[in-house]
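Which chain is which? The protein sequence lines are A and B, in order.
According to our numbering, the residues represented by the first sequence are 1 to 344, in order.
According to our numbering, the residues represented by the second sequence are 1 to 344, in order.
Hint data in this document are derived by calculation from the structure and do not stem from the laboratory.
Hints are not guaranteed to be accurate.
Residues on chain B that point at chain A, a partial pick, calculated with CB under 8 Å [as the list claims (entries may be wrong)]:
1. T4
2. A59
3. A85
4. D87
5. S106
6. E108
7. T245
8. D258
9. D267
10. A270
11. F271
12. G274
13. A287
14. D326
All C-beta atoms, glycine included, are put in the ideal place defined by N, C-alpha and C.
2 protein chains.
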Amino acid sequence: MRATPYVRVDPEIVDRNIVAMQAFCDSRGIALRPHVKTHKSAEIAARQLAAGAVGLSVATVGEAEAFADQVAAAGKDLFLAYPVAADVPRVRAVAARVPLVVGVDSVEGVRRAADSGVAVSVEIDSGLARSGVAPQDAAALAEAARALGVPVRGVFTFPGHGYGVGRTRADAAADEARTLRAAAAGLRATGVDDVVLSGGCTPTAALTGAGVTELRPGVYVLMDAGQLALGAATYDQVALTVRATVVSDAVTGQVVLDAGAKLLGMDRPAFVDGHGLLPDYPRARIARIWEHHGVVEVPDGAARPRLGERVTVVPNHVCATVNLVDELVAGDEVWPVTARGRNT
Amino acid sequence: MRATPYVRVDPEIVDRNIVAMQAFCDSRGIALRPHVKTHKSAEIAARQLAAGAVGLSVATVGEAEAFADQVAAAGKDLFLAYPVAADVPRVRAVAARVPLVVGVDSVEGVRRAADSGVAVSVEIDSGLARSGVAPQDAAALAEAARALGVPVRGVFTFPGHGYGVGRTRADAAADEARTLRAAAAGLRATGVDDVVLSGGCTPTAALTGAGVTELRPGVYVLMDAGQLALGAATYDQVALTVRATVVSDAVTGQVVLDAGAKLLGMDRPAFVDGHGLLPDYPRARIARIWEHHGVVEVPDGAARPRLGERVTVVPNHVCATVNLVDELVAGDEVWPVTARGRNT
Numbered sequence: 001m002r003a004t005p006y007v008r009v010d011p012e013i014v015d016r017n018i019v020a021m022q023a024f025c026d027s028r029g030i031a032l033r034p035h036v037k038t039h040k041s042a043e044i045a046a047r048q049l050a051a052g053a054v055g056l057s058v059a060t061v062g063e064a065e066a067f068a069d070q071v072a073a074a075g076k077d078l079f080l081a082y083p084v085a086a087d088v089p090r091v092r093a094v095a096a097r098v099p100l101v102v103g104v105d106s107v108e109g110v111r112r113a114a115d116s117g118v119a120v121s122v123e124i125d126s127g128l129a130r131s132g133v134a135p136q137d138a139a140a141l142a143e144a145a146r147a148l149g150v151p152v153r154g155v156f157t158f159p160g161h162g163y164g165v166g167r168t169r170a171d172a173a174a175d176e177a178r179t180l181r182a183a184a185a186g187l188r189a190t191g192v193d194d195v196v197l198s199g200g201c202t203p204t205a206a207l208t209g210a211g212v213t214e215l216r217p218g219v220y221v222l223m224d225a226g227q228l229a230l231g232a233a234t235y236d237q238v239a240l241t242v243r244a245t246v247v248s249d250a251v252t253g254q255v256v257l258d259a260g261a262k263l264l265g266m267d268r269p270a271f272v273d274g275h276g277l278l279p280d281y282p283r284a285r286i287a288r289i290w291e292h293h294g295v296v297e298v299p300d301g302a303a304r305p306r307l308g309e310r311v312t313v314v315p316n317h318v319c320a321t322v323n324l325v326d327e328l329v330a331g332d333e334v335w336p337v338t339a340r341g342r343n344t
Numbered sequence: 001m002r003a004t005p006y007v008r009v010d011p012e013i014v015d016r017n018i019v020a021m022q023a024f025c026d027s028r029g030i031a032l033r034p035h036v037k038t039h040k041s042a043e044i045a046a047r048q049l050a051a052g053a054v055g056l057s058v059a060t061v062g063e064a065e066a067f068a069d070q071v072a073a074a075g076k077d078l079f080l081a082y083p084v085a086a087d088v089p090r091v092r093a094v095a096a097r098v099p100l101v102v103g104v105d106s107v108e109g110v111r112r113a114a115d116s117g118v119a120v121s122v123e124i125d126s127g128l129a130r131s132g133v134a135p136q137d138a139a140a141l142a143e144a145a146r147a148l149g150v151p152v153r154g155v156f157t158f159p160g161h162g163y164g165v166g167r168t169r170a171d172a173a174a175d176e177a178r179t180l181r182a183a184a185a186g187l188r189a190t191g192v193d194d195v196v197l198s199g200g201c202t203p204t205a206a207l208t209g210a211g212v213t214e215l216r217p218g219v220y221v222l223m224d225a226g227q228l229a230l231g232a233a234t235y236d237q238v239a240l241t242v243r244a245t246v247v248s249d250a251v252t253g254q255v256v257l258d259a260g261a262k263l264l265g266m267d268r269p270a271f272v273d274g275h276g277l278l279p280d281y282p283r284a285r286i287a288r289i290w291e292h293h294g295v296v297e298v299p300d301g302a303a304r305p306r307l308g309e310r311v312t313v314v315p316n317h318v319c320a321t322v323n324l325v326d327e328l329v330a331g332d333e334v335w336p337v338t339a340r341g342r343n344t
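Let the hints inform the model, and build the full structure from the sequences given.
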């Protein structure tokens, strides 16, 4: 029996999630370009590409390096959806292996793309206030690209302000479509043809508005407690869980798991209660965690796991959990986390 | 020039921190048994052992495996300061390589220690309410150990409720000493000789009370923004920093770093403001982070880093940051994070 704690993936649920998102995108005529930052796994990427993804999205040059050959072999391409700061030689080397588009939100970024010999997509801010120019400023970057001979693939945004409850998801999806259309109109006015309007994250994907031509969700393939809390996932879509053991029941009213922050992560957005869910103990709550301790509080009279028992935990943020381990236990197989820690 | 983001360690500050903690412990007649969960690095462990540490503390069997030979070669021993749940064969295998003591807070744990052929230390709860029995219940576990022929090394606690401001640190240190003494008296009454009273974490170490014979601090060797906020460290003690680059200034009033949660972690205790400190920009604040974005807000009129500039960040919780990377850049050397991800 495998020692706990470890991370488990259900390949059948992974496949179902991939098929469902692909079918949704196909039905809407939207290209699906899954973000690999969630799973960082060549095994899962292969399934996404085989199911119909047009290519992959990556967050770092290191992730691009890890997936370049696989994507090239599939005859597809990579989008580095990030305002990459430096690394001209490395970007150039990746671009020699696979067609590559990088994100830009500054003239300086366009200059580096020119030096690297890659095409760009202009990042716009659709309401998150993180990176990206205002929609009306996208055309100026497209002009700068034209002046330097840099191809412009389109515009992109991350509607991450859709991570919230109530109307938030729908509002963010509407912001995404409206701002992408406005920015795309600016690009077309500068003479850019075939503008790709790329958006999408898991909570807003199903609500995607008119005009968006590409989606880049990541979490959908594995899901997590955050998506459950948002109403963007159901339990039967949760493909990744942590297996943990109760190691202590010495303090009254609680038990302690051997899964803590070094496996579950410390992500705890305002819309989530506790540090992960125990599906088999719905009234239990992971109230406090340290690096290797997860304290599970159980109300009087509710079922509680016993000392030595193995339990299943759904982490709050699956991208964080995957990036903490070197392998995913997938049925009888072990899938390496190919791009773990590729932050650079 | 090394691509950002990366983690940098100053070997001179590491050495100073090691010497200072060792000198403090020596002056008080306390044995120092540093916790490797913070640095997970054979290079740093070697310096701690050479400076006078009696051995090392580890949190998992995997960490014990990673450091067993190094500690044995130094003629010292390991303490697995955790109520380990299973892995009898693995614990037995480690114990064949190096003298090993494991934590217990249940009769079941004592039985496993008997099966594994290792000595135990009884964990007590000094106020954190995580794991560990009440001080008055330690003797019963010592009796259970005696009945099974398991040597008892002493009692231990983690005064983690010392992570707080105001009187908290001093109160937690007082709780630690009082409860360890009470539990040790119980052990002596059952006939255990030479009881080790093991406590200590970085915020309480300097306040350690009478009777404590061993300390297990971890963070002191690297320090972080959490310790600065607690008043348990000064800037000249911060040995680990993250180097990051400003990748975006497209949104007014802020800049974006390429260091996010996958490097800084998501630890944000109540006593810390923001997601890390920028020593060179004291009025700047890392207000929001995502996996690869750190949004730095700067008040009007204050100095702010420019697009493309490299900056230094002090992470909130150094143990989390170290566990996210495979190597530490230490001057001209690169130190591998020997036990990264050894959760099991």
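Status of each hint after checking the structure:
The closest approach between the C-beta of T4 (chain B) and any C-beta of chain A is roughly 7 Å, which is under the 8 Å cut-off, so the hint is satisfied. Here the hint on A59 (chain B) is kept, as its CB sits about 5 Å from the closest CB of chain A, short of 8 Å. Checking A85 (chain B) against chain A: minimum C-beta separation of about 4 Å stays under 8 Å; hint holds. For the restraint placing D87 (chain B) at the interface with chain A, the shortest Cβ-Cβ distance is roughly 5 Å, inside the 8 Å limit, so the hint holds.
Taking 8 Å as the C-beta contact cut-off toward chain A, the hint placing S106 (chain B) at the interface holds, the least distance being around 6 Å. Hint status for E108 (chain B): holds, given a least beta-carbon distance of 6 Å to chain A, under 8 Å. Evaluation of the T245 (chain B) hint against chain A yields a held restraint, the C-beta minimum of about 4 Å falling below 8 Å. Here the hint on D258 (chain B) is kept, as its CB sits about 6 Å from the closest CB of chain A, short of 8 Å.
Because the beta carbon of D267 (chain B) sits about 5 Å from the nearest beta carbon in chain A, less than 8 Å, this interface hint is met. Because the beta carbon of A270 (chain B) sits about 12 Å from the nearest beta carbon in chain A, more than 8 Å, this interface hint is broken. Because the smallest distance between the Cβ of F271 (chain B) and any Cβ of chain A comes to about 15 Å, over 8 Å, the interface hint for this residue is violated. Interface restraint check for G274 (chain B): the shortest CB-CB distance to chain A comes to about 14 Å, outside 8 Å, so the restraint is violated.
Because the smallest distance between the Cβ of A287 (chain B) and any Cβ of chain A comes to about 10 Å, over 8 Å, the interface hint for this residue is violated. This hint holds: D326 (chain B) has a C-beta 6 Å from the nearest C-beta of chain A, less than the 8 Å allowed.
Consistency with the previously given hints fails for numbers 10, 11, 12, 13, ordered from lowest to highest.
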